[in-house]
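Participant: Given next are the chains, with one letter for each unit.
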Amino acid sequence: MKILVAISNVPDTTTKITFSDGDTKFNTAGVQFIINPYDEWYALVRALELKEAGKATTVTLFHVGLVDSEATIRKGLALGADDAVRVNAESPDSFFVAEQIAKFAKEKAYDLILVGKETINYNGSSVGGMIGGLLDYSFISLATKLELNGNTATVEHDIDGGVQVVECATPLVISCSKGMAEQRIPNMRGIMAARTKPITVIEATTDAPLTSIKSFALSAGRTTCKYVDANNVDELVSLLHNEAKVI
Amino acid sequence: MSVLVYVEIAKGKVKKASLEAVNYATQIATQLGTSATAIAFNADAAQTEETGKAGAKKVLVIKGDQYKTNDAVYLTAAIEQAAKAEGAKVIITSFDVTGKALAPRLSAKLKAGLVAGAVDYPVVNGNTLEVKKNVFSGKATAIYSINSDVKIISLLPNSFPVKLTDNKAEVADFAVDLNGITSKIVIKETKSTDTAGMIPLPEAELVVSAGRGLKGPENWGIIEDLAKAIGATTACSRPVADMHWRPHHEHVGQTGIAIRPNLYIAIGISGAIQHLAGVNGSKTIVVINTDKEAPFFKSADYGIIGDAFEVIPKLTAAIKKLKANN
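Just so you know, the protein sequences line up as chains A and B, in that order.
Counting in the working numbering, the first sequence runs from 895 upward without gaps.
Counting in the working numbering, the second sequence runs from 204 upward without gaps.
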């Protein structure tokens, strides 16, 4: 059982977002980058737990990005992944990323491909489903639990108004959500070991991207909060009814 | 050529998110000088009529047991065939649980560019469509240009109004060839987290949410009373779900579910950036907190600095009074 974990390099959650080049590019100056939390806390850590339990043989990281994202990849290796592959390209959109992952996963016969439920920068929730479509693999979204029994995965995942337990034979793509695993912090041994673990750099297969970003804009914040006295809740009710018209 | 829209039926009715999608598809079809065709699986007469009222000119009904679990493998195969038969250049779904699995798979099959979670109507620019979506967890928006021949847009739920007219759709059966298409997913168990009488959180227009400020699960009575008075769904912050004071499915925020109701009342929630990321799309935000420095007030439309245990019962009473007088 070989597991491929796709990781994305994203700005830390608390980053103040700004844009450059006439609002056409995200301004990376001074930004702290991290592994996308869903990819790390849930997908990667669960993959490592499965390996530790003897249910998987190898855990490989897969990343699409330029050389400056190697610090993020090293962190994933420090957590315990065996090796990593970096596609040397700036990803234009989800489909491009999905194509790179699909091609590699098929060539190297990975059994299980794990992705986070979404990235915290582009919030597309699309890469996992696209890999499934490209390879004709089943895709299970929003997984909160994952067990492996030989070549069969048992997955609990969120559905509309409930949760569902499903079984599926590998090969398989799963998007991982909260509940899969707990966050880990790399220890000194892991950090030292990561320095010598291999990061294989490959070139991208290129096609004209299906989508492209034309421009960015910051979301309009709320103007100011209107305070209502705690002893005058009638006023709040009146504001909600007559001004906001929501009740 | 037409604009194709996927319609989901849940609990015997067309989902609200799907009615939003049909409205949206109808609007794009007008922009492109064509009409909207809806695809509804195992739909009955009442459901196709509802789809027509939302603006679809035609409803293709696809029948089969395989579709009953919304497995994206079968849905994708069917919609792919319908899209080819109709010569559809634009396909619309909701960015809900089914749409998040369906739209990307369809995108891969049709080599169709996808914008996932659109928040505005597209602008037609030559052969491209320009669509706005939220990025950086709601801190910004981006305009995506879809350059491919076939284009897919999934819509952020609760971002578009639902308008129903007396439009009547032409209903036709559509036959799909599922030869060679098999899903390996076997459903073992389905557990409902629906609470009787409450609208599920992703669809709720009114939400009452509480956090650690409530001090313990035994104090949730006042929250439930307020929610009941308003007709709202209850939610909670991450620490509350992590401490098992409230069930996991009530957790809203970045790691829980992202919602955008018309009204979000946050009680005893400080407003960490991760929480805001899941609720900042709400149209009106009310924050009630004892701490006047709580960061959430900066993102609120209305605020009360005060003790929830005193304020909430009064608020519930005031809302009941309003409802009784209207």
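Possibly wrong hints are sitting among the right ones.
Unchecked claim - The list that follows gives simulated cross-link-like pairs (lysine to any residue, SDA-like), each with its CA atoms no further than 25 Å apart: (1) 1139(A) with 323(B); (2) 219(B) with 395(B); (3) 219(B) with 1135(A); (4) 394(B) with 1073(A).
Source of the hints: derived by calculation from the structure; they are not laboratory data.
No experiment lies behind these values; they were computed from the predicted model shown.
Participant: Taking the hints in turn, state whether each one holds.
Facilitator: Verification of the hints:
no. : hint                : result
1   : 1139(A) with 323(B) : holds (22 Å)
2   : 219(B) with 395(B)  : holds (19 Å)
3   : 219(B) with 1135(A) : holds (24 Å)
4   : 394(B) with 1073(A) : holds (16 Å)
In summary, this structure violates none of the numbered hints.
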